[in-house]
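S.K.: Okay, here's what each chain looks like letter by letter:
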Amino acid sequence: MANERRKLLEVSGLTMDFGGLRAIDSVGLDIHAGEIVALIGPNGAGKTTFFNCVTGIYTPTAGDIVIAPPDGSSRRINGLKPNAITSLGMARTFQNIRLFPAMTVLENVMIGRHCRTRSSILDVIVGGARTRREERETVATSYRLLEKVGLADLAGEYARNLSYGAQRRLEIARALATEPFLLLLDEPAAGMNPQETLELEALIARIRTDNELAILLIEHDMKLVMNISDRITVMEYGKKIAEGTPREIKENPKVIEAYLGEEAHA
Amino acid sequence: MTHFKKSLGIGLWFMFLTFPLMVVRVNTIDNVIEWRWSNVVWVGACAAAIAWLWQFSIERRAARHAAALADPHPQAKRHTLAQRLSDDPALTRRALIVAGLLAVVFPWVTSTTQNFYHINVMVSALIFVVLGLGLNITVGLAGLLDLGYIAFFAVGAYTYALLGQHLALGFWICLPLGGLVSMLFGLVLGFPILRLRGDYLAIVTLGFGSITKIILENWDTAFGGAAGIAGIARPEFFGMTLEGRMQSVYTYYIVLALVAATIFIVTRLKNSRIGRAWMALREDEIACEAMGVDMARTKLSAYALGAFWAGLVGVVFAAHNTFINPDSFTFMDSAMVLAMVVLGGMGSILGVIIAALTLKLLPEYLRAFAEYRMLVFGAVMVLMMIFRPQGLINDMRRKYELDTADDADGGDDNGK
Ligand SMILES: Nc1ncnc2c1ncn2[C@@H]1O[C@H](COP(=O)(O)OP(=O)(O)OP(=O)(O)O)[C@@H](O)[C@H]1O
Ligand SMILES: [Mg+2]
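These protein sequence lines are chains U and E, in that order.
Counted the way UniProt numbering counts, the first sequence spans residues 1 to 266.
Counted the way UniProt numbering counts, the second sequence spans residues 1 to 416.
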């Protein structure tokens, strides 16, 4: 189903060295509009590093990352700053949750609106009608996103007081507030109980249709991955070892070998 | 009962500890040793009382903490004054009006035409309130530790002094100029330290503060060296120079207006897109950047704005004192302003104001106990760190009004 769709992200030959360690070795990956693609692999395979390269936190040693936002433009984004990449339309969540703990739940989401709003320091001091409208819209949009992830009741609570699962959902809401066309989720189900994971699965599916975006997902929960992904890419020791539909991946001998011992999960 | 025994023990221990200091005195005139036995009783009683109070409050705090933990509804927490104020706009308005009125009548009720000491003290204190509010942007909101903040204050003060001396520019022109020059320094310093955090940032800003002072001290031809610059013009009032009490009252109102403007602007900024970006930067730089906030810009703006207020109020300081020298801009002053921000509660405007007034006014009126000033100061600091490590006033998070009528027109852009 994916091939007739537009390519949103095209990564080719991506390589990342940390000193002598090659954390990613010439990995390629494409994502098309509306797709959910999973990136899986054993611990230390380089999945998070891949995210960090794509979102500008690291500058890759080699390779090309080209994005083509829905507006029709297309550009290579290697070495751009994270905030620039987010402004272009890719937003992420973090494996080790990185919220703003001493800010409220609502404010956390409002930060996501920063790159979509314009009020300058002077505007804010003057407090004109446009600035106030922008602020109202920020609140309204953020609140709706909280409703979507089921956190509206906790809008005024400090982010640090949320449960683990709620914090992960808040990260998703915050990322959505930046209006991405591609959402990158780094182990969104980590630390969730089976019930929460089920809800998360429904949420991800809903986000894809409602917000019309593509999702790149790192996840260790094989049930979730197999249920929700259109395609799966498997990494091991920094290399891509397989790529295909969930069914193909399940039967791929290389993947089974890499996951030996973790098979029980799948 | 155990408390009582423990307190007694502590009292005895203090009697023993302070014995050489408080009891024995060598009278060098008559060459005799005086034994002041009554002191020992006082020391013992006071130490025991304080120890008892101390244990009592520790116990209460623990109890309160346990109660808070057991409380299933965190929403229904005990309402503090700050919480009530932020929840009830009418109450806030009334409190503000009362505070404003008090501030306006203050110079008239506390002074006579001969004696206006209290006004001058208050002017110095309010100058530090503005400094505290300015540093609150950099440290409290944006989380950029600045140990050389007073240097920006110096930049403002010297800008006015020099412009007045060489170009005969008046106070009102120099006021914004001082702020702008200082802001420029903030930007220049801000660029190289953009990548630094925590300890490194602290060291570089500390260095900047010291270098500024050293330059002022040693460049005699430009800045008057250690002797400083004297004969700085006081603020003019529509071309006139006021005298005596009226001059002090006038300066007082200028600083008061400055304080009000600062509060207004900082509050606006804090509850805006800009202020939220500063706080996010303080909380987590990486997440902040990944969520689309331009870190360089946000840091620089926090730095430059903080410097701006210091420069602005530096001009007032120079005009008020008519004399400045490098001794007014030492590391102790930077530390003092920083203490105001930390004691007040990082980011809390009300807290910083209270802390600034306390830290400046207390020592002034405690001059009688000048020898013990630093002791009291230290004791207050230690007590604060133990009982309210988060500062006097918790920074209350604003509750945002959700305007449902607005949903219709704002609803098409995202996340329907
Ligand atoms: N900043 C860094 N400096 C040096 N080495 C790093 C850095 N970041 C990651 N690595 C190394 O790169 C390799 C890949 O790490 P990465 O975090 O990408 O793995 P992962 O696939 O996300 O694993 P997990 O499933 O445990 O999250 C690891 O060997 C890690 O130690
Ligand atoms: Mg990882």
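None of these hints come from the bench; they were simulated from the model.
Please note: incorrect hints may appear among the correct ones.
Unchecked claim - Residues from chain U that keep clear of chain E, each with C-beta distances beyond 12 Å, as calculated: (1) Arg116; (2) Ser142; (3) Thr197.
As the list claims (entries may be wrong) - According to the in silico footprint, chain E covers these stretches of chain U (three or more CB under 8 Å from chain E): (4) 79 to 90; (5) 97 to 103.
Computed from a prediction, not measured in an experiment: that's the story for all the values here.
Glycine residues also receive a C-beta, built at the ideal position from the N, C-alpha and C atoms.
S.K.: Against each hint, give a clear statement of whether it holds in the structure.
M.R.: Verification of the supplied hints:
A cut-off of 12 Å between C-beta atoms contradicts the statement that arginine 116 (chain U) is not in contact with chain E; the least separation is 8 Å. Listed as a non-interface residue, serine 142 (chain U) fails to keep its Cβ farther than 12 Å from every Cβ of chain E; the least gap is roughly 8 Å. At roughly 23 Å, the least C-beta separation between threonine 197 (chain U) and chain E is larger than 12 Å, which holds for a residue marked as non-interface. Residues of the region 79 to 90 of chain U lying with their CB closer than 8 Å to a CB of chain E number 5, which satisfies the three-residue condition for coverage.
A count of 6 residues in the region 97 to 103 of chain U with a Cβ less than 8 Å from any Cβ of chain E is obtained; the coverage claim is therefore met, three being the minimum.
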